[in-house]
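S.K.: Let's have the full structure, built from the sequences with the hints guiding it.
Protein chains in written order, with my numbering: chain R, 1 to 142; chain X, 143 to 650.
Quick caveat, the hints were computed from the structure, so don't treat them as lab data. Where is the CB? At the ideal position from N, CA and C, for every residue including glycine. Check the hints yourself; a few may be wrong.
Chain X stretches covered by chain R per the calculated footprint, using a threshold of three residues with CB under 8 Å from any CB of chain R [said to hold, decoys possible]:
no. : segment
1   : 427 to 434
2   : 438 to 450
So these bits of chain R aren't anywhere near chain X, every CB distance computed over 10 Å [claimed, not checked]:
no. : residue
3   : Ser38
4   : Tyr41
5   : Glu59
6   : Asn60
7   : Met69
8   : Leu138
This is what each chain is made of:
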Amino acid sequence: MPFALCLPKKEGRKMAKKILIVDDDPDLVEAVTMILESKNYDVAAAYGGNEGLQKAKSENPDLIVLDVMMPDKDGYAVCKELKADAKLSKIPILLLTAVVSKIPTTRYTQQMGLETEADDYIDKPVEPEVLVKRIEALLIKG
Amino acid sequence: MPDQVNILVIDDEQIMRDGCFRILSKDGWNVISAENGSRGLEEIKTRPENIDVILLDLMMPGMSGMEVLDHIRTIDPNLLVIVITGYATVESAVEAMKKGAYDFIPKPFTPDQLRIVVRRALERRTLQKEAEILRRERERTLRDIATEKSKIKTIINCMGDGVLVCDRDSCMVLTNPAASRMLKISETSLLGNFLSECNLPSELSKTMEESLQTRDTGYTSVSQELSSGDPGEIFLRAHTASVRNDIGEVMGSVTVLQDISHLKELDKMKSEFIAMVAHELRAPIAAVEQQLTVILNKMAGELTEKQEQLLSRAKERTKGLLNLIKDLLDLSKIEAGKMVQYKEPLSLQEVIQRVVDLMRAEAENKKIDLQFSASSKMLMLMIHADRNSMEGIFTNLISNGIKYTPEGGKVWITLGEEGGFVKATVSDTGIGIKKEDLPRIFDKFYRVKTAETRQIVGTGLGLSIVKSIVDAHLGSISVESEEGGGTTFTVFLPKESTNGPPYKEEKS
Chain R
1 MPFALCLPKK
11 EGRKMAKKIL
21 IVDDDPDLVE
31 AVTMILESKN
41 YDVAAAYGGN
51 EGLQKAKSEN
61 PDLIVLDVMM
71 PDKDGYAVCK
81 ELKADAKLSK
91 IPILLLTAVV
101 SKIPTTRYTQ
111 QMGLETEADD
121 YIDKPVEPEV
131 LVKRIEALLI
141 KG
Chain X
143 MPDQVNILVI
153 DDEQIMRDGC
163 FRILSKDGWN
173 VISAENGSRG
183 LEEIKTRPEN
193 IDVILLDLMM
203 PGMSGMEVLD
213 HIRTIDPNLL
223 VIVITGYATV
233 ESAVEAMKKG
243 AYDFIPKPFT
253 PDQLRIVVRR
263 ALERRTLQKE
273 AEILRRERER
283 TLRDIATEKS
293 KIKTIINCMG
303 DGVLVCDRDS
313 CMVLTNPAAS
323 RMLKISETSL
333 LGNFLSECNL
343 PSELSKTMEE
353 SLQTRDTGYT
363 SVSQELSSGD
373 PGEIFLRAHT
383 ASVRNDIGEV
393 MGSVTVLQDI
403 SHLKELDKMK
413 SEFIAMVAHE
423 LRAPIAAVEQ
433 QLTVILNKMA
443 GELTEKQEQL
453 LSRAKERTKG
463 LLNLIKDLLD
473 LSKIEAGKMV
483 QYKEPLSLQE
493 VIQRVVDLMR
503 AEAENKKIDL
513 QFSASSKMLM
523 LMIHADRNSM
533 EGIFTNLISN
543 GIKYTPEGGK
553 VWITLGEEGG
563 FVKATVSDTG
573 IGIKKEDLPR
583 IFDKFYRVKT
593 AETRQIVGTG
603 LGLSIVKSIV
613 DAHLGSISVE
623 SEEGGGTTFT
633 VFLPKESTNG
643 PPYKEEKS
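M.R.: Next up, the structure:
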């Protein structure tokens, strides 16, 4: 499904921010897309690490929601390459982590996020309000 | 007839022989006569067992009574001889007695006197026979014991399980080849040495020493797992129990060792399989929950009340599944040794305070009084541990306390110091744990099933995770509980040594 072609721009509003979702699970991409579109974001999707890097360049997104576990190139590697690219390093990255563990809550994920220079992280599945709040915060900061 | 009493009369005088015969036959005794010493000796030689008492005249032509007595003594020193002295001389009687005669009777004697002397000798004879029977029995018993001992030794030596036995002075008195093989310690380095000299794994010798000192008179056995720590590791399970005598004193200690390496290997494979399955399940379930979330947020259109209700319940179920998967992953990570990764000096008090603050809302919801009294001294008490794991332990224990305590109850935490350890306890006034459930409480997937616990959600992994973390920090955890009387968990963790971390940072 070509999400990039969905253009939920509404008249009388300023240009919608564009968010790139990178996840190898199409069902998850679809669900997150629906959440973001309901909040009037412009959404582009990539279904793997390499495609994500490519779309990051071609789509010029305002923010990237990036899955960690992907078969071709994982989120940490993608994150590293993005931050190393002068043109792309300014794009905030929200790392989408599969819940790793019940016991180490904050510190583990924080550490991983910081080590990979991601700007924030969120466990999936996500609650729509939480996701949107985090994205808004990153966009304001950026 | 075995009970037939045989009396041999050796006398050269026909009158004496007949007289004795007449008197003694009346009492039902069989009287055998011999007219001189050599005839008498022949009688004795042909049936030494059957002669009970010998009446021997000292004054005889040919072989004298004294000579006959000497011969009798060489045939069987136990034969009872009563000497008949012609002259009532004390000297000859004393001499005969010195040579081993049992008694004497001076001539002339009355029938009653004879009877008394013979009867006394026969009583003695009976005692002798009984003593003989007892002696034989004892001999047989000793032989049986020897056979039994050799049998047991053979059994023990053939056993696949290792056996170690020490006496109450901590000296190793019995081992078998399997024990030497498992412990990689030669038999000569074990047998006859004190426990402290045997080079046993320290946990094992400690347990054995303890079992020698235990005062508990009930049957107690301690099981523990030992690992060599070498590459190609051997895992042993050791069962130690004290040996007691009939009045309950500890006489020694027995340990049986089992090689459980292959079980460990299987267990590891199982854990890896579980981890793999959990990983594979997590992604699709997370996706399903994400989809449900979108639908429930009406981002895919309006819902009827019924649809919303059903989907909410479906989402609860996927949440439960994800929790289970998280538990499973935690467990397999701990087993793979990857969980405890960032050890650092920590104040346990700080960790517990944080957890208590986080749990307060949950406790207040259930109207449970959650208490943690902290002292400034404890704040300085450091352990060397992984912060997340420590938070995990106390989150788990405190949350269990809240879960299993009815409204209005109390959960309290104490922190102290004991030996080289920091000691923390988590107690509650909850429903408690049945005695039969206590030993299995730290097992994987074990949940106590009662009417009260049915409503409480859980995977049965929490405490086994807690135990794995405590183990990985070289600590220990124990539980005390009474059904209906609350539960106390006690955790010991080694204090941070002042000269730096006692072990290397483990980074996987």
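S.K.: Check the non-interface label on Ser38 (chain R): least C-beta distance to chain X beyond 10 Å or not.
M.R.: 5 Å, violated
S.K.: Taking a Cβ-to-Cβ distance below 8 Å as contact, does the segment 438 to 450 of chain X have at least three residues touching chain R?
M.R.: holds (count 3)
S.K.: Any Cβ of chain X at or closer than 10 Å to Tyr41 (chain R), or is the non-interface label fine?
M.R.: Given that every Cβ of chain X is farther than 10 Å from that of Tyr41 (chain R), nearest at about 13 Å, it holds.
S.K.: Hey, does Glu59 (chain R) actually stay past 10 Å from chain X on C-beta?
M.R.: 22 Å, holds
S.K.: If we take the beta carbon of Met69 (chain R), is the closest beta carbon in chain X still more than 10 Å away?
M.R.: 8 Å, violated
S.K.: Regarding the assertion that Leu138 (chain R) does not contact chain X, is the least Cβ-Cβ distance greater than 10 Å?
M.R.: Leu138 (chain R) is indeed farther than 10 Å from all Cβ atoms of chain X, at 20 Å.
S.K.: Asn60 (chain R) clear of chain X by more than 10 Å, beta carbon to beta carbon?
M.R.: 26 Å, holds
S.K.: Please check whether the segment 427 to 434 of chain X has three or more residues whose CB lies within less than 8 Å of a CB on chain R.
M.R.: Satisfied; 6 residues make the cut.
Hints 3, 7 from the list above are not met by this structure, while the remaining hints are.
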